[in-house]
Amino acid sequence: MAARKDQTQGFARDKGFTYYVYMNITLSLDEKLVKELRKLAVDRDTTLTGLVRDYLEKVAAENTTSGRKRREIEALRRTFEQFHRKLGPRTWKREDLYERS
25 MAARKDQTQG FARDKGFTYY VYMNITLSLD EKLVKELRKL AVDRDTTLTG LVRDYLEKVA
85 AENTTSGRKR REIEALRRTF EQFHRKLGPR TWKREDLYER S
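Residue numbers (this note's numbering): 25 to 125.
Hints listed in this document are in silico derivations from the structure and should not be mistaken for laboratory results.
Keep in mind that a hint or two might mislead.
Straight-line distance between alpha carbons at most 20 Å, and here's what the computed DMTMM-like set of lysine to aspartate or glutamate pairs gives [what the hints assert, rightly or not]: (1) Lys63 with Asp78; (2) Lys82 with Glu98; (3) Lys93 with Glu81; (4) Lys56 with Asp67.
Working from the sequences, and respecting the hints, build out all of it.
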């Protein structure tokens, strides 16, 4: 029987058992850097894996949001350029617009 689709924050359930649905990756880092990061992780009450996971989740979320925002701004800019028209000199006065009949 396949796992149900009720995956929540990296967990999935199958026949009453909960298991992780994370993928393992391998990183090559300088030993000095790893020692510093482990100290940082202890200070933040997490693990080195937790630090990396939190950072990568943040990067992915920002990329998705900023990427969408960038594409929308670019589409808006192209629309403005496409429909840009010269209006010529202004031939009216502000008072004329608010003149009451």
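Status of the hints after comparison with the structure:
Proposed proximity of Lys63 and Asp78 is supported: the alpha carbons are some 16 Å apart, at most 20 Å. Proximity of Lys82 to Glu98 is assessed by CA-CA distance (about 24 Å); at most 20 Å being required, the pair is judged violated. A threshold of 20 Å between alpha carbons decides the hint, and for Lys93 with Glu81 the separation of about 18 Å falls inside it, so the pair holds. At most 20 Å may separate the alpha-carbon atoms for a hinted pair to count; Lys56 and Asp67 meet this at roughly 17 Å.
Checked against the numbered hints above, the structure violates only hint 2.
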